[in-house]
Every structure is written in structure tokens, then in C-alpha cells.
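Asker: Residue numbers (the numbering used here), protein chains in the order written: chain A, 1 to 272; chain B, 1 to 290; chain C, 1 to 285.
Heads up, some of the hints might be wrong.
To be verified - Covered stretches of chain B (in silico footprint by chain A; criterion: 3 or more residues with CB under 8 Å from a CB of chain A, positions within the stretch not fixed):
#, segment
1, 83-94
2, 99-111
3, 123-136
4, 161-170
As the list claims (entries may be wrong) - A short, non-exhaustive set of chain C residues, derived as facing chain B with CB atoms under 7 Å:
#, residue
5, L59
6, H205
7, D209
8, I285
Derived by calculation from the structure, the hints in this document are not laboratory data.
Note that beta-carbon positions come from the ideal geometry of N, C-alpha and C, so glycine has one too.
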Amino acid sequence: MKSIALGQYYPAASVVHRIDPRAKVILATLYIVCTFLCKNILSFAALVVSAVILILLTRIPLRTVFQSIKPLIVILLFTVIINIFWTTGDTLLLEWRFIRIYLEGIMQAVFMIVRILTLIVGTSMFLTYTTTPIALTDALEQLLGPLKKIRVPVHEFAMMMTIALRFIPTLVDETEKIMSAQKSRGTDFSSGSLIKRAKALIPILVPLFVSAFRRAEELATAMECRCYHGGEGRTRMRILKYRPSDFVAIGVMILLGAGLIVLNRLGIGYTM
Amino acid sequence: MSQPFIQVKNLCYSYQDDDGREVPVLRDLTLDIHRGEYVVILGHNGSGKSTFAKLLNMILEANSGQILIDGKDITSPDMTDDDVFALRRKIGMVFQNPDNQLVATIVEEDIAFGPENLGLPSEEIRRRVDDALEAVGMTAYAGHEPHRLSGGQKQRIAIAGIIAMQPECMIFDESTAMLDPSGRRDVIKTIETLNRERDITVIAITHYMNEAARADRVIIINDGKVAMDGTPNEIFSQGERLAQYGLDVPQGTALIHRLRERGISLDGDCTTPEQCADTICAALAGKGEK
Amino acid sequence: MDQIKISLEHVSYTYSKGTPFEIKALDDVSLNIRTGTVTGIIGHTGSGKSTMVQLFNGLTRPMEGRILLDGVDIWEKPKEIGKIRFRVGLVMQYPEYQLFEETVEADIAYGPRNMGLDEDEIRSRVAEAARFVGLSPEMLTKSPFDLSGGQKRRAALAGIIAMRPEVLVLDEPAAGLDPMGRDAILNGICEYQKESGATVLIVSHSMEDMARYCDDIIVMDHAKVRMHGPRDEIFARSDELIDAGLDIPEITKLIWLLRSRGIDVDRSIYTVDRAEQELAHLFGI
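If we strip away everything but chain A, and leave its shape as in the complex, we get (with noise of 0.2 Å):
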């Protein structure tokens, strides 16, 4: 069915949603470089904290953003086993046989996780869950605006990822139905060695990009009875518009890197 949500886009009234996308493309960048700056205990329980207030402020149930978590589940344990049992330092808590596990390696799997979660929940919070993507497409386009002028087709990708976001449903749906006549043709997909299976494939992919190729032809044919010429000349009808809160906000994430830093001079305790 047709269930499948594009990016995970959570609508709702929050502060976080208003932000105009470009700010908040900036906000995500900056935040990203805040989970870098952080090195010691104090540094990064403030970045603990900050991503717990960005998560309150979009509103969005706690549930949801666990479940966005739950498949990184296995890249997490990776990353704590490799820092637990790899780490060398000063104070030896544990030896047997051959593994030894310091303090200083259950810190660094500890800073790792937190980083790795907040770096996460920073863009997410930012981008996927409260940008649509089409707010997101134009808010890149007119961010790499500049670079029109050294000849990046700026428009013509922001075209390109609108299409793709458009069409990802509608070929999904299509691939589906591609593989239900298959099978009624007694297609097998699920049994054979490796190059039956492979060879079970041709039936879906050749009608698939037949169909995509038509599909691309006759939305070039539309487009172009309605006038598309390329970005020359085209306005928008949504026009964004940076408002005092948005220049509030980037101050805002500023400042938490500033004081980053200086939490990072305290001194506190292990330091990465």
C-alpha cells in the first residue's frame, strides 16, 4: 500500500518547524561542529542536555526518535566494543587473559555513543524530522545559489532531487505491482542459487526502467507544455524569508559552541 513515508517528515507547530529551512541547514551544520568540540565530561553532558531541549522544542514524541535511533543499534555496540577493548590508558579496572579495560576506554565508548546520538538527533531534529523535503531542496538551492556563477548546475539538481522525491512513491507502487504479475507468471524470487535468483530479477527490471523511461518522457513532455525552460527567468511562488527568530536561533547555537569550548579549558575528569 501506499504507506511508505518520504524522508520522515513529523508534522507538527513547533518553534523548530517555523525556523526557515535555509536556517536551519546552517543551525544543523553548526550543531554538527558543536558534537566535535566537545572533549571533556562537562562538554559533553551541556551537549546532552542541548540535544534533550532540541528534542523537546520540536515537540515530537520521544517514541518516535527512538525508533529512528533503533537501527543504529548494531553501529553503537560496534563502536563501544571497539573502544572499550582497544583503548590503552592509566588506570587498569579489569585484566583477564589477554583483555584489559581501562577507565579511559569506557569514557571514550561513553563520549563516542553520546556523540554519535547527538550528531544524530542534531540533524534529524533539524532536518528530516521538522523540513519537508522540498523545503530542504530549496532551501539547498538557494544556499548554493552562489556557485551558480562558477557554472554549478544549482537548479537543475534541486529539479532533479524534487523529481526523484516525487516519483520514489510512485515507483515503489510500481514495483510491486511489476513483481505480483511476476509471480502470477511463476517467477521465483525466494529459492535457487545466487544467479537463478539474479536471473529472476531481469522480469522485474527490464519492465521497471521501460516504464520509468515512459514515465520520464511523458513528465518531460508535461513540463514543458507548462512552460519549463530551465531556472532562467522562474520565480518562486514561496518565497523564503529570513525572520528575527531564525538569526535568534543560529546566535543561540553560536553561543553553545562558544561555551563548549570554554567548559572543554575546565578541565574536569578524562579528556578525550
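Given chain A, put chains B and C in place with the hints provided.
Answerer: Relative to chain A, chains B and C alone:
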């Protein structure tokens, strides 16, 4: 009568197949369409009706012959890019597959696509988008994602996308062929409203006879030429010829024909079921008087 | 008594169960299809008929209830559901989009080949299927992508017929075709039905086609079977059809208009032939 809005003179079009042979599609097609008319073009697949539509807004170019739109010759070699855009703004086109004409992931953004290409100021685009949404009765869906809409709703969004460019004429190239009955009804109602209330000239290509029954004028294209041209009643009264062109007549019309063949005198129109009922009732009443 | 070919027993199916997007597509549906009949399935979009179509050949598995083919539950051995798909042929909507081989012939042979038949048998089945749908031998050597829309549709139908299914299920086989293309495809289906004695189920929005080709009609409405019976019976209840948001054949519309004006005509008329007889009689001929 004033100068026709669209004048087509001796239009010919052919393409080359894979073996390099010329395949003629349109041969010597001539017709006029007046401003405000609601014309339905019928013809079986391969009759050249869709090719004709694509020639009207220069998606294809004719081999020979002339098309005058509002007195301007669009087949002339002097046509500039700006002339082509002006033409496409004037003559909008809606296609068969609603999925393949929507560009954006949000309904109102999609409708804005045309006006944005025209370089209009933002407030004007906003006004036109709202107006177009209202014209097709989809205001409530402004913020929806097109892929979650039904076929009929998507097609109305595609129509709104054209309305927002404020065309004088709209061509519907089998725009109802892929829709279910309720979607088809909604789209036809929308087309009729646009013709009546906004005075948009409508050229609807279809092979559904009951859609033709509601038009001002029906043109049958067969073998790349105009085979028949007249009011729905004039056209449908010639059932045998329609069958010869690979077309049906509405069932009511077929019934009246068969009864006439049996020697029953039935006078009157016989296109819609209502007209047929009138005609039969009148004949039965007449019989009673005798 | 008539034999039952396929039946649904208390079948339910729900999409996205347990989420806010939950949609009940079929709600405790039970029905029997008689062997060798042509049954039309009608209903507005979203009434559950497309889901039903995919249940017959095991593309989707019912969440509750059973589907019996010749009295045997098709999901008895889930691993052998593939065999059911050869016995119950499904022609999906716009089936021309499934064509993929280099020649029409190879494409029609795809199903039979998956059945593991030998080459001679495959060849004879392809020829037979092509004959049913009216594709000439020259067309068989062409690429399927060079055919016209109507021809592609017929090639796709032949691809299912070549498996010689005992039950043929078709989802809107004539959608989007012109009158000639529509007649060609529906006649092909009828030819196959007559010669093979197969049981046929057709989903369609066209009441005129239903009136012409089907013995029985099932009317779906809100995930349930609203009516099921011989077509005479169903079309005699045209007021209920309209009530279920469906069209009625144009000729039936005309007959009901005449009745509303006090002319006494049989209300179960759904073909031009019957209407002609009835009215000729009224005019005293």
C-alpha cells in the same frame, strides 16, 4: 462569425519508423475551432487524434500545412522560443496518465510550477494557485502529497496546474481513460464548468461516447482526416458510419436505430438516455392518439 | 447441483494493521464461484475488489479465513503456493507493463517455461494462446515494445492463457482501450473460456461489458459482498446498484427512465437486444 480561434489547413504529419519508412499519421486535416466551443474529438487508437493535439501546442511539428492560433501562424519558421511559450500558455494540455504530469511533492507547489516558469511575482502565483484549486474543487487538498490522492483527484490537480497559467484553450488528451467511473465523472464535471464559467475553449480527445454526447460539437478523425463533424445528435444518428470507424454509439442511440429499422417512426434526438426516453415517450403517445 | 470451483470462507484482510493507517479491505467475506462460469466483480474504488483478486491466486494471504480451490485450502502447503498460481491465472491491471522478453513469443512462453514444460509443449501452448487472443504469427517474432497498446495487452493476456489456468482472474482487462481493442480482448477471454471450460472472474467498471459477458455478478461495497447472483437478478435491482455508488448500463438507465414515466417495461433489461424486443412489442410489432 468572427475569425476562428484555431484554424487548421491541410495539415500533414508523418514519422519514420525503425526501418526508415515514412508512416503517415495525419493526411490533409482541415478544421476550424471557435472560441468558447466544447469540442470532442473521437477516433480509434492510431487514428491520429493524439498527434493532432500535440501539433496544436508544438510538441510535434507538422510536415506541411498550416495551423493558425488566434490568427498567428505557428507552423511558420519565424516562431521564436518566446512565441512557443506564449502559445503553450494560451493552449494548455492535460494528458492521459495523471502520475506522469505532476512535478512536485505537494499539491499547491505543483500547481505553482507553471506560473513559476512564467516568471510571475510571488503574490500573483499564490492568487492563481488558490483560484485554480477552487476551480477544480480541491482547495482542501492544497497541502497533500499527490501520490496519496486518487486518480481522479490527481487529474484535477493536473488540470489546476494548467488553469493557473490562465489558458484560453485546454486540450484533454484522453484525460479520463485511466480513471474509474467516479473519477471520470468528477473530471468531466470540472471540464464542463471550466468551459461554461470561465469560457475556456475545450478540445477533449476520448473514446468514451457518453463524454461526446455532452459536447457542443463532435469531430471524428479517421485515417488522419476529419471523417465526420457535427453536433452529437448529427453524428450519432449515423451509427453504421461510426461502426465503420471503429467506434460505438451510445446504447440508447443504438436502440432507437434498431427500432427505426423495424419501421417504427421515432422523431427526435437520441444521444443521451434522457433524450432517448423523450423520443420513445413521444412516439408512444403519438401512437395512442392514432 | 453446480460444482464449486473456488470459494472464500470468512476471509478478512486489513492493510497496515495496528497502525493509524489501518484499512479494512475485506471483512468476513464468504462466497462460492461455480465451475465454468464467468463472474463479474464490481464495486467502487476501495471496495475491496482488488484485494480479493490477489487472494485467488495466493499473491496475498488472508489474515483470517480460507480460500478453497476444488475444495482444498490453497494455503495448506504454503511452500507450494507457486503451483496454485499456475492453476489460477491472474491478469493484473495494465498487464502490458509486465512484458520484458525480446520477442512476443518468448514473453508468452515465460509462464509455461516456469512450469517446467518441455519445448514442444511450450511451443504448442504459445501458438494456441496467440490464436485465442488473435495475435498473428508475424507478430510473435516482433519485440513486445513495438506493438500497439491493444496488441501489447493481448500479448500479456496470452502469457497467462498459455499456462492453461483452470481459473482465469482479470483485473480491469479492458481499461483504457478503445472499442475495438476492448472487443478484441474480451472476445479472446470468452474464446478461451468456451474452449477450455475455465472458470473466469472479471473485475470491471464497465457495466455494459458486465451485462454482455458475465453469467453471475458480485457487487462489492465497503469490504463486504453486497450482492451476488445471476446477472438478471442483479440488474433487476439497479436501484441498489446506484445506491452502492455504481453505474448501471446505459440501456438500463433508459429503461428505468421509461418506467418512471409510466411506461410498463421489464425492469431487468440490460442489453440492447432485450430492450429492442420489449419496445418492439410495445409498439405492436
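Asker: Are the hints correct? Go through all of them and say.
Answerer: Hints and how they fare:
1. 83-94: holds (count 5)
2. 99-111: holds (count 10)
3. 123-136: holds (count 3)
4. 161-170: holds (count 3)
5. L59: violated (21 Å)
6. H205: holds (5 Å)
7. D209: violated (11 Å)
8. I285: This hint holds: I285(C) lies near chain B, its Cβ roughly 6 Å from the closest one there, short of 7 Å.
Violated hints for the displayed structure, listed by number in ascending order: 5 and 7.
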